[in-house]
Amino acid sequence: MTENVGVLGGNAHSTGVTRVVTAPLPTVYGDFQAVGYLDHHRGEEQMVLVYGDIGEEEVLTRLHSECLTGDAFGSTHCECGPQLVTALREIVAEGRGVLVYLRGHEGRGIGLLGKLRAMKLQAEGLDTVEANLALGLPVDARDYRVAADMLHDLGVRSVRLLSNNPRKREALLRHGIRVTEQVPLLIPPCEENLAYLLTKRERLDHYLPHLDGARQEAVFCGSAKTGAAEE
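Position one of the sequence shown corresponds to residue 2 (the numbering used here), numbered consecutively onward.
Just so you know, these hints were derived from the structure itself, not from any lab.
Please note that the accuracy of each hint is not assured.
Below, in silico cross-link-like pairs of lysine to aspartate or glutamate (DMTMM-like), each with a Cα-Cα straight-line distance of 20 Å or less [stated by the list, open to error]: (1) 121 - 193; (2) 121 - 144; (3) 121 - 107; (4) 121 - 131; (5) 121 - 192.
Derived CB-CB ranges, DEER-like [as the list claims (entries may be wrong)]: (6) 126 - 56: 27 to 37 Å; (7) 57 - 131: 11 to 21 Å; (8) 90 - 182: 13 to 23 Å; (9) 74 - 31: 16 to 26 Å; (10) 69 - 156: 28 to 38 Å.
By construction, the Cβ of each residue, glycine as well, lies at the ideal position given by its N, Cα and C atoms.
Sequences and hints are given; from them, build the entire structure.
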């Protein structure tokens with residue numbers, strides 16, 4: 002059974018997703034509605050968390066790429082886990098918003114095993130871009146069409162995008178979602194992820210101005226775990 006209408010409304014815009022179910026999801030951050038979708042392009046099961054009466058315009062929105070190591074296991078190799086927590090808290094503080102959790106985006110789209118292989122090469126001295134290329138894999142294989150499709154289905158026309166990545170903004174614009182503002186999501190760096198973050202800034206054009214002078218200020222992630230979890 003699919004669920005295309007309900008308390009979250011809907012949109013007649015033709016999409017490549019089917020809304021399957023909407024269920025309440027109480028969390029430690031706030032009470033969300035979890036909206037489950039089937040992605041017909043990739044065959045993935047996808048989920049969006051909706052908070053409050055989101056409306057159509059300027060909806061605070063995070064497109065969060067799946068990261069098992071960061072989101073579930075608290076890896077300090079990246080800033081994904083703290084970004085997820087911070088985004089949820091900012092959406093709740095805003096009073097309305099959407100977090101699109103994008104499955105199939107592990108390792109910027111190269112998959113879990115590909116990501117682990119790339120992490121092994123990074124531990125041996127390559128940066129995140131060099132590691133992917135050394136494995137014969139794309140630097141970033143993510144496709145955000147499904148995110149736009151789900152936003153269209155929810156009736157969202159424009160967003161304030163919680164992201165440091167200009168490619169997310171470009172992808173939403175390309176697929177018919179207006180971005181009225183790109184809201185930075187800056188997580189304090191630490192020694193274990195500083196090189197990774199600097200590579201994202203210098204080679205992938207991420208907006209990370211807080212890294213200026215960070216080499217002198219960064220602490221070991223193990224010393225900053227409590228603070229990171231509270232961001």
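Consistency of the hints with the structure:
Of the supplied pair hints, the one linking residue 121 and residue 193 holds, its CA atoms being roughly 14 Å apart against a limit of 20 Å. A hinted pair counts as satisfied when its Cα atoms are at most 20 Å apart, and residue 121 with residue 144 does not qualify at roughly 25 Å. A threshold of 20 Å between alpha carbons decides the hint, and for residue 121 with residue 107 the separation of about 16 Å falls inside it, so the pair holds. A hinted pair counts as satisfied when its Cα atoms are at most 20 Å apart, and residue 121 with residue 131 qualifies at roughly 12 Å.
At roughly 17 Å between alpha-carbon atoms, residue 121 and residue 192 fall within 20 Å of each other, so this suggested pair holds. A hinted range of 27 to 37 Å for the beta carbons of residue 126 and residue 56 is inconsistent with their spacing of about 49 Å. Checked against the hint of 11 to 21 Å, the pair residue 57 and residue 131 fails, with Cβ atoms roughly 43 Å apart. For residue 90 paired with residue 182, a C-beta distance near 18 Å keeps the hint of 13 to 23 Å intact.
A beta carbon spacing of about 23 Å between residue 74 and residue 31 agrees with the range 16 to 26 Å that was offered as a hint. One distance hint, 28 to 38 Å for the beta-carbon pair residue 69 and residue 156, holds here, with the actual separation near 31 Å.
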